[in-house]
Structure formats: C-alpha cells, structure tokens
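Protein chains in written order, with my numbering: chain B, 1 to 152; chain C, 1 to 115.
Do not take every clue at face value.
[To be verified] To give a feel for the contact side, a few chain B residues facing chain C, derived at Cβ under 8 angstroms:
1) 17
2) 19
3) 22
4) 24
5) 25
6) 86
7) 147
8) 151
Hints were generated in silico from the structure; no laboratory data involved.
Every residue, glycine too, gets a C-beta built ideally from N, C-alpha and C.
Chain residues, written in single-letter form:
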Amino acid sequence: MIALLEAVQASAFAAYVRDSVLLYPFANVAHVVAVMVFFAAVAVMDLRLLRVIRGMPVPLVIERLRPVAVGALVVIAATGLTLFVPEAAATARNQAFLLKLAAIALALGNIAVNEWALRRDGESSRTVQVTAGLSLALWLSTAALGRAIAYV
Amino acid sequence: MFASRLLAAALLLAPLPALAHHGWGSYDAAKPLTVDAVIEEVELGNPHGTLMISHDGRKWEVVLAPPSRMQARGATSSVVTKGKPVKVYGYPRRDGTAEMRAEWIEIDGRRFELR
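All chains should be built: construct the whole structure from the sequences, respecting the hints.
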C-alpha cells in the first residue's frame, strides 16, 4: 500500500500538481466551493425528510436535488484526488484524513440504508428519520475532518 | 451519536505525532531567528516549498510559501537554488523540532516577504 502511494506520489501527474502555480490552489478553492454546494443540496433533502422543511413532496425534492449533490460530489472527488496526489504517502498516514475516509464510507452507507428504508417503509419511518439526521452529522464531520488534515 | 464519537476520536488523536505543520500558530513568533546559511536542498512544490539549511549544528527545514505566492513575490526556482547563500528570518517550531517558518528570505541581495 505504501509502495503504491509512493508510486502515485512519484508519478508525472503528481509532479505536475506539486509544481503547479495555478492548478493546486484552483483545486483547493473548487473543492471547498463544491463541498458547500453538495452540503446545501444534502441538507435540504435531509431537512425535508425530517419535516423541518415542508411543502414540496419528498420525491420531488430528491428528484431536483440529487443531481446537484451527485454533480458536486464528482467535482469534490476530482479536486480531492488532485490535492491528495502530491503528498499521497504522508496524507495516507494523516489521522484526520483516515477518519475523514471512514466518515465518508459511513455517510455513503447511510445513504444506501436511507434509500432502502424510504422505498420499503416510507418517509416517516424511524429508519428514514434516523438516517436523515445521521446524514447531516456525518457530512458535517467529513467537512470538519477534511479541514483538520492540515493541522494534525 | 456516532458522528460525535468520531469527532471526539479526532480531537483525542489530534495531539499525537504531528505530521503536518500548518498555519503560523505552531511556530513561536516570540523567538525569531535570523540565520545566514547556504541552501543545501530546495523544493518549491505544493502545498508549500521548503529549504534545508544548517544552523547551530543541526539541519533545519525552512517552510516557505506556496508556489503561487513564491512566484508572485519573485522567489522563483531560478532565484531560490541549491548552493546559494541565503538569509532567513523566521520562527522556530514550538515543540523544538529543527523547523522554522520563514517570514522573509534574502537571496542575491533581494528580500522576499513570504507571509
């Protein structure tokens, strides 16, 4: 694993990003902006499920906002990879980064459970309510842990 | 619940071995150092550049600015090169590691502000 990460770090792409004057800061800024868009979409869907926001039916809210969340997530992943590559080996040892990956895995699993319960038991089921709340907490934790990478 | 445990875990783990060193907070601005040395190694990459210099019998890592700022201030790779004399004004790490964050460096008689 370490050997693989060191190979990634030694790649031409990593060298390009490391020496770039514009790409790295651009990826850095785009990553944060995409996180805001992503969380805005996720928060509205979760708050609608939790009935903090009412009005528009749940399926319509999800239909409108899921593409926004997925699109933002693609940008987050691409820019995140760009930021990861120049220091792959060191970042993979960073405790905040490892916790962040764990939080992302939990948050993605949580979406699957939420979706499954929503189809099976409907929007007011306990599982849907709990996972909607968990979603907010897990994604906020992910963002906080991401910022912490630079400080641990 | 799980998220708060995760955050608690993050806070508990944070003081363990420091791999990274960001911001100015981990450096002691009350103990500035001015060092005349020779650039022994130089790397001007993201997220920030570094120099290696010798000072007081130890090898010090000097933390510079990101490439975008280095370039904006004129401290390009043709100026900051291995083997050149350099004057560094910076602040040492609070934990005693031989590492300092440079407020400015002087090369070829030019001063480059890095903050």
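**Message:** Tell me the hint numbers this structure goes against, listed in increasing order.
**Reply:** 7
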